[in-house]
Each structure stands twice: as C-alpha cells, then as structure tokens.
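A.B. asks: Sequence:
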Amino acid sequence: MPLESVNNFTSKIFNKLYSYQNENQNIAFSGLNLYILLAAIAAGLKGRIYYQLSQFLDEDFKELYDVDEWRHCRTAEKWFSLRRKAEEIYNMQSCMFTPALLSTYYIKIAVLLFDLRPITVNEWKPEIYSKKLNNWLSTRWQGSHHWVYRESDIKQNRMIFISTFHFHAVWATNFDPKQTTYEKFYLNNGIAINVEMMNQKSYNYIYEKSDDNFRILFQRMERQDLYSAIVLPKHGYMIQEILKNLNYVYLKLPKFTIRSQNDIVKTLKHFGITDFFDSNPSDFVSIINEPAFIGNITQFSNLVVNEGEEISGRTKKRVGASTSKKGRVRSALTNKNLKPTDIAPTSGIYP
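Everything in the sequence shown is counted per my numbering, starting at 47 for the first residue and increasing by one.
Keep in mind that a hint or two might mislead.
DSS-like cross-link-like pairs, simulated, lysine-lysine; straight-line CA separation at most 25 Å [stated by the list, open to error]:
no.	residue 1	residue 2
1	K312	K280
2	K92	K315
3	K154	K92
4	K255	K298
5	K201	K178
6	K131	K108
7	K312	K201
8	K58	K312
9	K230	K255
10	K58	K171
11	K154	K178
12	K224	K201
13	K62	K247
14	K58	K315
15	K171	K131
16	K62	K108
17	K255	K224
18	K280	K230
19	K315	K247
20	K280	K298
21	K247	K301
If you are wondering where the hints come from, they were derived from the structure by calculation, not from laboratory data.
Sequences and hints are given; from them, build the entire structure.
C.D. replies: What follows is the structure, encoded as structure tokens:
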C-alpha cells in the first residue's frame with residue numbers, strides 16, 4: 047500500500063478540519079485511524095457511493111467481493127497488515143451502531159480485517175440508542191464526561207460509525223520532570239497563558255529549507271520507526287549559520303493533553319463524498335439487511351504529551367545523542383534557545 051495514499055489523505059483531511067476550528071483550538075487527529083475506518087465502510091459498499099469513496103481513498107476493494115476467496119486475496123492481506131501496524135502505534139477501537147442486523151459476510155470482513163465491531167440496537171427509541179452510544183464511548187474516550195450524543199442526534203434507519211484512539215508520547219530520551227516549570231506560552235491571538243513547559247538539552251534532527259518559513263524538529267520516540275515532528279517558525283536563521291556553532295538543542299515543549307471530537311461528515315462532503323449520507327439504500331445492501339443510511343462518522347482522540355515517564359515502566363536515559371545523517375533531514379545542533387512562542391499550538395498525528 048503506497049504511503050502516499052495515506053499521507054495525502056491525512057494532509058487533506060487534517061487541513062480541512064483545522065480550517066473549521068477556532069484559531070486557538072488544538073486538534074488531535076489520526077489520518078491512519080480514519081483511513082482504516084473508511085476502508086472498512088468501503089469494503090461493504092456498492093454502486094455510486096463505492097466509487098466515490100474508493101477513489102477518494104485511492105484503493106480498490108473488489109477482491110473482497112469474492113465470498114469464497116476474499117480471505118486469501120492481496121487486498122485482505124494488505125488491510126489486515128496495515129491495521130495491525132496501526133494498533134502497534136495507537137490504542138484504537140472502532141464501532142458501528144446499526145438499527146438492524148448486518149450481513150454475516152460483512153461482519154466477518156469488518157471484524158477480521160479492520161477490527162470494526164458492530165452493535166445492533168434492536169429497539170428503535172432515540173433515548174435507548176443515544177444511551178448505548180454514550181455508554182460505549184464513555185469507557186473508551188477520556189474526554190467523554192457528558193452525553194456526547196443527544197436524542198435529537200439519532201435519526202431512524204441511520205448507522206453511526208465511531209473511531210477512538212489514544213496516543214501517549216513515549217520518548218527515546220525522556221524529559222526530566224525536575225526541569226519542567228511553568229512558563230508563558232503565546233497563543234495565535236497573542237494572549238499569554240501559563241503552561242507546564244518541559245525542557246531538554248539533546249541532539250535532534252532538524253529539517254530546514256531556505257525558501258520555507260518553518261523548520262521541523264524531529265524528536266525521537268521509543269519506537270525506532272516513530273518521530274514526533276514539531277513545526278518551528280523561523281527567526282531568520284539559516285542552517286549554514288547554525289552549523290557554524292554545533293551544540294545541543296535546547297528544546298522547550300509544552301506538556302499537554304488534547305482530547306478531540308472530529309465530526310468527519312462535513313469534511314467528506316467537501317471532498318465530494320456527497321452520496322454517503324443520502325444514497326440509494328441498495329448501495330448498503332452488502333452491509334445491512336434493511337434499508338439504512340450513514341448518519342454520522344466521528345473520530346474521538348486522546349493525545350498525551352508529557353515527560354514520558356508515566357508510560358515507561360523502566361528508567362531510561364534522559365539525555366542522548368543521535369548520529370548525523372546526510373540528506374534533506376540533517377542532524378542540526380544549535381545552542382539557540384527555542385522559546386515557547388516557537389512551537390505551533392496545533393497538533394496532529396500523522397502515520
């Protein structure tokens with residue numbers, strides 16, 4: 047599966063979601079998590095809506111139509127592998143609430159390949175439906191301290207898809223909690239707020255290009271194939287000037303937890319997935335045994351960034367060095383302070 051498909055999808059969705067937000071709001075979003083959820087839906091679709099969604103995902107699911115051989119096809123192997131890799135990164139769960147029984151064939155595909163769990167609400171009463179939704183969500187999303195789904199949100203013959211993920215940053219080199227102090231952090235509107243600011247002096251990779259108005263600092267995670275990419279607006283310094291005086295990077299990073307509720311419906315409609323929520327019931331015939339439509343698709347997320355010691359059960363080094371590498375991403379070391387204002391306040395999780 048080409049990574050470009052996932053990355054392009056993530057970039058498009060993330061930028062559109064951000065455009066809907068208040069400029070000082072934060073977003074925790076996983077494109078990979080949502081990509082897998084939409085693929086699980088596409089695998090059971092027919093007709094025009096299938097072509098809309100499959101083209102948007104840049105994927106073909108027709109091999110899964112073979113009732114006898116779908117388990118052994120390349121498409122099944124590809125999505126099972128991607129889902130398992132995603133589960134190694136995130137603690138994630140997906141569920142679909144339906145007003146009627148699903149086809150046995152679709153349940154097998156949804157559960158085995160995508161870990162999408164169906165819950166059927168047999169008795170059609172908005173108060174019962176909303177209660178089941180909120181009860182399920184309250185045990186899986188820490189931001190759910192109130193009723194997220196109201197009775198007025200529940201429409202007859204509508205399926206509701208929910209995806210949750212939790213990501214806790216586990217650093218290769220932990221921040222020292224003793225160095226965490228309260229400092230000012232400036233929002234986009236210039237308002238200063240006091241936040242817990244983590245501090246670390248270490249070697250880091252930095253991406254720099256002369257005609258860009260930003261830099262990207264790559265903070266290593268415990269998993270060797272994961273990095274945290276921190277976008278840093280420039281202050282007029284070029285990489286050549288920085289390399290003249292090699293030293294540690296003084297990294298200041300706000301300690302934060304972001305809980306997001308991202309309704310994907312408006313965003314999908316923007317990208318032309320218009321029949322998804324008002325389509326011919328026959329398009330869903332492989333999913334559900336009665337006429338139904340999709341009522342809502344929402345991603346709920348928890349993103350925790352702290353010193354890293356609460357997750358790791360063992361003591362790790364707090365300062366480490368990385369070796370330099372040639373190429374566009376270079377091991378840039380500088381004694382320049384990265385102030386709280388250097389760090390972009392909006393966060394996103396990319397695959």
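A.B. asks: Determine for every hint whether it applies to the structure shown.
C.D. replies: To see whether the hints hold, each was checked on the structure:
Proposed proximity of K312 and K280 is contradicted: the alpha carbons are some 33 Å apart, above 25 Å. As the CA atoms of K92 and K315 are separated by approximately 18 Å, the hinted pair is consistent with the 25 Å bound. A hinted pair counts as satisfied when its Cα atoms are at most 25 Å apart, and K154 with K92 qualifies at roughly 17 Å. About 22 Å separates the Cα atoms of K255 and K298, which keeps this hinted pair within 25 Å; it holds.
With a C-alpha separation of about 14 Å, the suggested pairing of K201 with K178 holds against the 25 Å cut-off. Distance restraint check for K131 and K108: the Cα-Cα separation of roughly 23 Å lies within the 25 Å cut-off, and the hinted pair is therefore satisfied. About 17 Å separates the Cα atoms of K312 and K201, which keeps this hinted pair within 25 Å; it holds. Of the supplied pair hints, the one linking K58 and K312 holds, its CA atoms being roughly 13 Å apart against a limit of 25 Å.
Distance hint between K230 and K255 is unfulfilled; the C-alpha atoms sit about 29 Å from each other, more than 25 Å. Proposed proximity of K58 and K171 is contradicted: the alpha carbons are some 37 Å apart, above 25 Å. For the given pair, K154 sits about 23 Å from K178 by alpha-carbon distance, which is consistent with the 25 Å threshold. Restraint check for K224 and K201: not satisfied, since their Cα atoms lie roughly 52 Å apart, outside the 25 Å limit.
For the hint linking K62 to K247, the alpha-carbon distance of about 35 Å lies beyond 25 Å, and the restraint is violated. Of the supplied pair hints, the one linking K58 and K315 holds, its CA atoms being roughly 13 Å apart against a limit of 25 Å. The hinted pair formed by K171 and K131 fails the criterion: a straight-line CA distance of about 38 Å is larger than 25 Å. With a C-alpha separation of about 29 Å, the suggested pair K62 and K108 falls outside the 25 Å cut-off, and the hint is violated.
Restraint check for K255 and K224: the C-alpha separation of about 35 Å exceeds 25 Å, so the hint is violated. For the hint pairing K280 with K230, the CA-to-CA distance comes to about 19 Å; that is within 25 Å, so the pair holds. At roughly 45 Å between alpha-carbon atoms, K315 and K247 are farther apart than 25 Å, so this suggested pair is violated. Of the supplied pair hints, the one linking K280 and K298 holds, its CA atoms being roughly 15 Å apart against a limit of 25 Å.
Proposed proximity of K247 and K301 is supported: the alpha carbons are some 16 Å apart, at most 25 Å.
Hints 1, 9, 10, 12, 13, 15, 16, 17 and 19 from the earlier list are contradicted by this structure; the remaining hints agree with it.
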